[in-house]
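Respectively, the protein sequence lines represent chains A and B.
My numbering numbers the first residue of the first sequence as 1 and each following residue consecutively.
My numbering numbers the first residue of the second sequence as 1 and each following residue consecutively.
Don't read these hints as lab results, they were simulated from the structure.
Just so you know, nobody snuck in bad clues.
For lysine-lysine, the following BS3-like pairs were computed, each having C-alpha atoms within a straight-line distance of at most 27 angstroms:
{"hint": "1", "chain 1": "A", "residue 1": "LYS77", "chain 2": "B", "residue 2": "LYS25"}
{"hint": "2", "chain 1": "B", "residue 1": "LYS77", "chain 2": "A", "residue 2": "LYS77"}
{"hint": "3", "chain 1": "A", "residue 1": "LYS293", "chain 2": "A", "residue 2": "LYS395"}
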Amino acid sequence: MSGQTLAEKILERASGHATPHPGEIVVGKVDLAMAHEQGAQAIAPFLQMGATRVWDPERVVIAIDHWVPASTEGAAKLHHMLRVFARDYKLPHFYDVGNHGICHQVLAEDGWVVPGDLAVGTDSHTNMLGAMGAFAIGIGPTEYAAVLATGKIWLKVPPSVRISIDGQLGKGVYAKDVVLKVLSEIRTDGARYKAIEFHGTTSARLSMSERFTISNMTTEMGAKAGMFLPDGTTLEYLKGIAKHTSHPLEPDSDAHYERELHIDVEGMEPQVACPHSPDNVRPISDVVKEHVKIDQAFLGSCTNARMDDIREAARVFKGNRVAPGVRFIVSPASTKIYAKCLEEGLIEVFTEGGAVFTNSSCSACFGGNMGILAPEEVCASSSNRNFPGRMGASKARVYLMSPAAVALSAIRGEISDPREVL
Amino acid sequence: MKAIITGKVWRVGDQVDTDQLIAGKYLTIIDPNELRKHVMEDLLPEFSKQAQAGDILIAGENFGCGSSREHAPAALKAIGLGAVVADSFARIFFRNSINLGLAAIEAPQVDKLFRTGDTAEIHLTEGVLRNLTLGKEQRFAPLPAHILDILDAGGLVEKVRRELASSPG
Ligand code: SF4
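Pulled out of the complex, with its shape left as it was, chain A reads as follows (with noise of 0.2 angstroms):
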């Protein structure tokens, strides 16, 4: 018998379930269970279950995030349900306006997720924090009402794909770069109900930023779950942090993996996935040798608005001014980010150059609260999906790629490549 991935092992740890099997159901406790404005539409199937009660309020967060402060009515009552609900419930972790960031992104500053959990979240990038080495999982919002009702909830023990990445990074080239790499070789599909798990030379060093990165983008592969192993930097990281106890495990290294993947990123240039999939990925020099045009630029969202990628953006924008007719758009991921920003002189960086630097939310990532592209137009995006209409107009073109790359394309006006400056 062959030993056991880390999905496995995290959901025996939830179950109690004596070496799950792929395939299999199994019900498990939840370690940690996050609702942003989606957790609203929690509340009526929550109510019609006959809860009384949360199951553990010290276990829910709350953290709104995608129209901050409010920037429609439709929100505002979404928030309002929310903030209602908490009070009623007596949920104290709640991050509102004032205290707020993208909702994984507070997940992971404030240590609400640990090594071993398993996590779930309203929103479909609940993976990010997989990179913590827990098993994180986006949910629809009646799930989330059972979750809150019950603390548990039922899975499919998934398959796991073993992604090996080794190779230096060059300069220029980022944990954006290599997630891009892997998604055009497992395409948009690839990994539909499986588990994700990194490992390799390059994925051991990675600094938990690149790490979410990553893990972030495992979405867009369909993953269910996409895992980095934990290590000593995920341990410092949660020192001081973690709201409660970890449980590192590790894959038994004779793990059965329905798919082995290496990936080389030594000499890999910068990527660019084009209009209209994340996994339509091509190296960067190619795009560029076609002078595409852009009419915005975002920095932003849980894939990239973290210090590294905006001190880095900033590091090629600096001293420069976004080209004309365009508009470059910059959202921290966190208050706290916002924060740094602000303490490190980098909010005028931007400003001075001409750029919007935002109040953390989702931002321009998503089509419905700021940022919005007209049909036609192009974007530049740190972001993580460009699927028609995803950012504004179902015609408007969105073409993701690092932070760097989308701060020198902004001052250019067209998709640069950043290597050439840094």
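Given chain A, put chain B with the ligand in place with the hints provided.
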């Protein structure tokens, strides 16, 4: 839940994501009856106007990929669709549909078997899918018992309600 579902077919292709099912601008709408008016409004504008309760939506690969918005299956459920059948589903969309009590059936290559306007017949527990118009059929893996239980209860809400009501304390 009926063991045999029969209905008129609507066809869509591969990779229909949740942004195409319900655009981001409608995400603050909660009422499913309001949402249903906007289902696939760019992709298949006649669908939201003409689809009837009992109709069956048949898609290609990776149906419902993209965000976790439950708006998408909720709107389809509000139309009263008999089932959604696809070559394959995105994971969250599949779960959301089941949890709302909307039968989601994975049948590889199904997109080759049907055209819009055909009549489909689905035998849920036996795993048989027929095109009554063309007289063709194919098999699919029947849903596991746990999932049939949820559909039987009419969705996860009712299932949990029964559980909470019968558990002491
Ligand atoms: S930043 Fe974008 S991808 Fe991330 S949670 Fe917000 S809308 Fe979703």
